[in-house]
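K.L.:
Residues per chain are reported as follows:
4 protein chains.
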Amino acid sequence: MTNIILTSELTVKPIKVEASDNDVIQAMLVSTLGEIDDLEATQGRINFLMKNRHGTPFEHTYFKFYIAAPIFVFREFHRHRIGWSYNEESGRYKQLDPKFYVPDSDREVVQIGKPGAYEYVPGNDLQRTSVRRALEMSYQVSYEYYEMMLSKDIAKEVARMCLPVAIYSSMYATCNARSLMAFLSLRQRHDEEALFPSKPMKEINIVADKMEEAFKTAMPMTHGAFVRNRYVAP
Amino acid sequence: MTNIILTSELTVKPIKVEASDNDVIQAMLVSTLGEIDDLEATQGRINFLMKNRHGTPFEHTYFKFYIAAPIFVFREFHRHRIGWSYNEESGRYKQLDPKFYVPDSDREVVQIGKPGAYEYVPGNDLQRTSVRRALEMSYQVSYEYYEMMLSKDIAKEVARMCLPVAIYSSMYATCNARSLMAFLSLRQRHDEEALFPSKPMKEINIVADKMEEAFKTAMPMTHGAFVRNRYVAP
Amino acid sequence: MTNIILTSELTVKPIKVEASDNDVIQAMLVSTLGEIDDLEATQGRINFLMKNRHGTPFEHTYFKFYIAAPIFVFREFHRHRIGWSYNEESGRYKQLDPKFYVPDSDREVVQIGKPGAYEYVPGNDLQRTSVRRALEMSYQVSYEYYEMMLSKDIAKEVARMCLPVAIYSSMYATCNARSLMAFLSLRQRHDEEALFPSKPMKEINIVADKMEEAFKTAMPMTHGAFVRNRYVAP
Amino acid sequence: MTNIILTSELTVKPIKVEASDNDVIQAMLVSTLGEIDDLEATQGRINFLMKNRHGTPFEHTYFKFYIAAPIFVFREFHRHRIGWSYNEESGRYKQLDPKFYVPDSDREVVQIGKPGAYEYVPGNDLQRTSVRRALEMSYQVSYEYYEMMLSKDIAKEVARMCLPVAIYSSMYATCNARSLMAFLSLRQRHDEEALFPSKPMKEINIVADKMEEAFKTAMPMTHGAFVRNRYVAP
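Protein chains in written order, with the working numbering: chain A, 7 to 240; chain B, 7 to 240; chain C, 7 to 240; chain D, 7 to 240.
If we strip away everything but chain A, and leave its shape as in the complex, we get (with noise of 0.2 Å):
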């Protein structure tokens, strides 16, 4: 019986940056450079094109991630189709491991109210521990059930049909500037403090919040536009 692996760990891992304030800059004086004179320094230029949603000049920029998270926060990020490109682990190729995702202590797990206005709400320890129970339970069936196929030699991409959607996968996932904040945009949440407030699952928001960290160190100009101007992605 092989022992599974519970845990809440999102990963993400800037591979390569090569995204700069600078970048933007250039590219946007290449429409106006006979009248550079006229133009503001370099934060306001930045947020003059954030503030009026002139896009292109973010794009030539580049950021790969290297993401580890499990499958159902996959499926929302690959809904995420321009100016993104991934690469991913697959189950038709190699046998997956036996590392699943739980809720940790922080993550609500009750939800209450309407669809389209969910609230969420840590949930009693009843509840808390029923989920972890049941969980880890059905991981470990399921795990078991596909290793007992993998050892009578079905397809790999047969046997995985009994994995849950909580195992996890890993990626490359490149973008660019633009592209990033358009995804920031829609799976972080910031209630008050954006201009349209989104409300995404937890574990992508997570995942969001650490690339958020890779585009502020990289481009600290135009993340801090992005933020004044309310996380409206231009």
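One thing to keep in mind: the hints can contain errors.
Which copy is meant is left open, so a pair is good if it fits within one copy or across any two.
Stated by the list, open to error - Here are the simulated DSBU-like pairs of lysine-lysine, each with C-alpha atoms no more than 30 Å apart in a straight line: (1) K19 - K216; (2) K222 - K57; (3) K205 - K162; (4) K100 - K22; (5) K120 - K57; (6) K208 - K158; (7) K22 - K158; (8) K19 - K158; (9) K216 - K105; (10) K208 - K22; (11) K208 - K57; (12) K100 - K158; (13) K158 - K120; (14) K120 - K162; (15) K105 - K158; (16) K22 - K105; (17) K205 - K158; (18) K120 - K105; (19) K208 - K120; (20) K100 - K19.
No wet-lab data here; the hints were simulated from the structure.
Only a predicted model underlies this, so the values are computations on that prediction, with no experimental measurement involved.
Fit chains B, C and D to the known structure of chain A by using the hints.
P.N.:
Chains B, C and D in isolation, oriented as in the chain A frame:
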């Protein structure tokens, strides 16, 4: 105890199709209108575009499908980013039905050979029985834990973490003839006939075959040229 | 000597439209079907999607336009990459007609202020006469050199190098309601009404206004929600 | 009277390149990591991906170019929508320089044959002289009317209407190795060598050749596999 439904059915319904061979010609001729007498007839023109990979005239068309299939099929489907629009049932907002995919008697369940060059064979009786039994048991257990959690008011998005990738989902998928051909070229298996043979998973291949039917019906000459040019998407 | 045609006409013909407010609802409800009783009626639902920037349900729609406009309009048009398909008349394959754009009496021809904050004013009579006369003379000379080269069997793609960006071209442009709203949000001018005002060139604004008519006719509730939400594309 | 500049120069400068063959391998192996011993070495793997048209591993790369070319080249360039970002000099915001493209002595100026199957030949001395003279005269006249209008405070976006498509513009263009190969496969001419020969205009072919140099330098094995697989973009 809920009775789960086991099925091998993969549903593809063309909901709206607004596409004809004439759409291709119309788009093509805007480029060259002054000299149409020098061009050959419709079939020849479409074949010319296909052979020379002039893809844009095929884009001015519209296919909307309703598709019901297991999540592992949708995972592959959603990697097609360009010229595709999707809206899928969400396990965050509704309780998912207890309907799961199992291979039918035509589905090979054993894989031999090396990655990148797998072959699939039917498997012996024992193997086939094992697959069926293991999947059914695993699905049943997963769904019971799911329902148990829901009965304790656990959030749908949390409870569903234990559900397997073989559970059914449904979506609307909209594309044009060019993005459809790109999909077909990668998700159908045409061994000898295809110039660039691909090795899709059987389940998405079945979905692709059903979509091809709608394509062939709406645009018979375009489909014919696609086949004649060995399934190379323009 | 060829008589050139001077015109201010910008043509937009909806060729095929397969789009309705119901397409949006259908795509939306696949996500949440189990709980539709909790949601409000159609108009409310569309407004909810628009307000919360849930864009994908608007994509399952189809608009094909025929557009005739000068090249400088198409240059801006073709920068809209996502959810747009184009086939345009080609100066490589046919002789271009001697038809050129000139500003009509409503078109401001004088620009004041700084880059990023230009204002346009009508100009005085002398200025307006100068524009008309200069453009006409320049077009006439360019087209005569073009014809002279063609008469010497010079390749069309070489001879056309001298033709101005105001010469007319034509294209088919196909989009969906989401990509159309993205276009409108950037290419229409709605000063006070728009949450993010843009400053499009007048000629593409006129084209956008005509496309908006087809949008409003096919999808009145979606259009209404777009206006109510201050022209922010979802 | 302004002295206009006539040139045949087409400038392509790689500004930033963050791309290597190893990026491809890294993205590929995330799919199959458990079994890398069964795969061949790097060159073999890249060739496998190229031959089987597995395109996504090539996307995790970054090329930013500065390009200076006439507008008629950019018109074709901007039809490449996917995996490409552009920011171009704008005739709305700055006065365009009096720099115009003319064919050099290597550029065939006469076209024979039918649409779809044109051949280009050098042309005789008279023809070549006529082209040069006609273009120069036409450019000169156009630019003088342009300057005359600017001198009367006519808006730049109006005055530029008379400028020819051969006037120079500049842009930043950013892509990845996959979108670059798609561009090269359509915009280079490789008659016998290419599996799907294309017939690009000579000027964009020259631009493409210069971009190919940067590609070859950064990713020699990927470039080699592209050539070996007869310029079929994966």
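K.L.:
Against this structure, judge whether each hint is valid.
P.N.:
Now the hints, each set against the structure:
In this homomeric assembly, K19 and K216 come within 30 Å of each other (Cα to Cα) only inside a single copy, at 8 Å, whereas the closest approach across copies is 34 Å. For a Cα distance limit of 30 Å, the shortest separation of K222 from K57 qualifies both inside one copy, at 18 Å, and across copies, at 28 Å. Taking the shortest Cα distances, K205 and K162 sit within 30 Å of each other only across copies (15 Å), while inside one copy they are farther apart (35 Å). Taking the closest pair of Cα atoms, K100 and K22 come within 30 Å of each other only inside a single copy of the chain (26 Å); across copies the shortest separation is 36 Å, beyond that limit.
Taking the shortest alpha-carbon separations for K120 and K57, only the inter-copy value of 17 Å comes in at or below 30 Å, while the best intra-copy value is 34 Å. Taking CA atoms no more than 30 Å apart as the test, K208 paired with K158 passes between copies only; the shortest distance there is 20 Å, against 38 Å inside one copy. Taking the shortest alpha-carbon separations for K22 and K158, neither the intra-copy value of 41 Å nor the inter-copy value of 44 Å comes in at or below 30 Å. Neither within a single protomer nor between protomers do K19 and K158 lie at most 30 Å apart by alpha-carbon distance, with minima of 37 Å and 36 Å respectively.
Taking the shortest Cα distances, K216 and K105 sit within 30 Å of each other inside one copy (21 Å), while across copies they are farther apart (36 Å). Taking CA atoms no more than 30 Å apart as the test, K208 paired with K22 passes inside one copy only; the shortest distance there is 26 Å, against 36 Å between copies. Within a single copy, K208 and K57 get their C-alpha atoms as close as 28 Å, and across copies as close as 22 Å, so both meet the 30 Å cut-off. With identical chains, the CA atoms of K100 and K158 are at most 30 Å apart within one copy only, with a shortest distance of 16 Å there and 36 Å across copies.
Proximity of K158 and K120 under a CA criterion of 30 Å is satisfied inter-copy only: 17 Å between copies versus 46 Å inside one chain copy. When the C-alpha separation of K120 and K162 is checked against a cutoff of 30 Å, the pair qualifies only between copies, where the shortest distance is 12 Å, while the shortest distance within a copy is 40 Å. Taking the closest pair of Cα atoms, K105 and K158 come within 30 Å of each other both inside a single copy (22 Å) and across two copies (25 Å). Only within a single protomer do K22 and K105 lie at most 30 Å apart by alpha-carbon distance; the minimum there is 26 Å, versus 39 Å between protomers.
Taking CA atoms no more than 30 Å apart as the test, K205 paired with K158 passes between copies only; the shortest distance there is 23 Å, against 44 Å inside one copy. Within a single copy, K120 and K105 get their C-alpha atoms only as close as 33 Å, which misses the 30 Å cut-off; across copies the closest is 25 Å, which meets it. Within a single copy, K208 and K120 get their C-alpha atoms as close as 18 Å, which meets the 30 Å cut-off; across copies the closest is 39 Å, which misses it. Taking the shortest alpha-carbon separations for K100 and K19, only the intra-copy value of 22 Å comes in at or below 30 Å, while the best inter-copy value is 33 Å.
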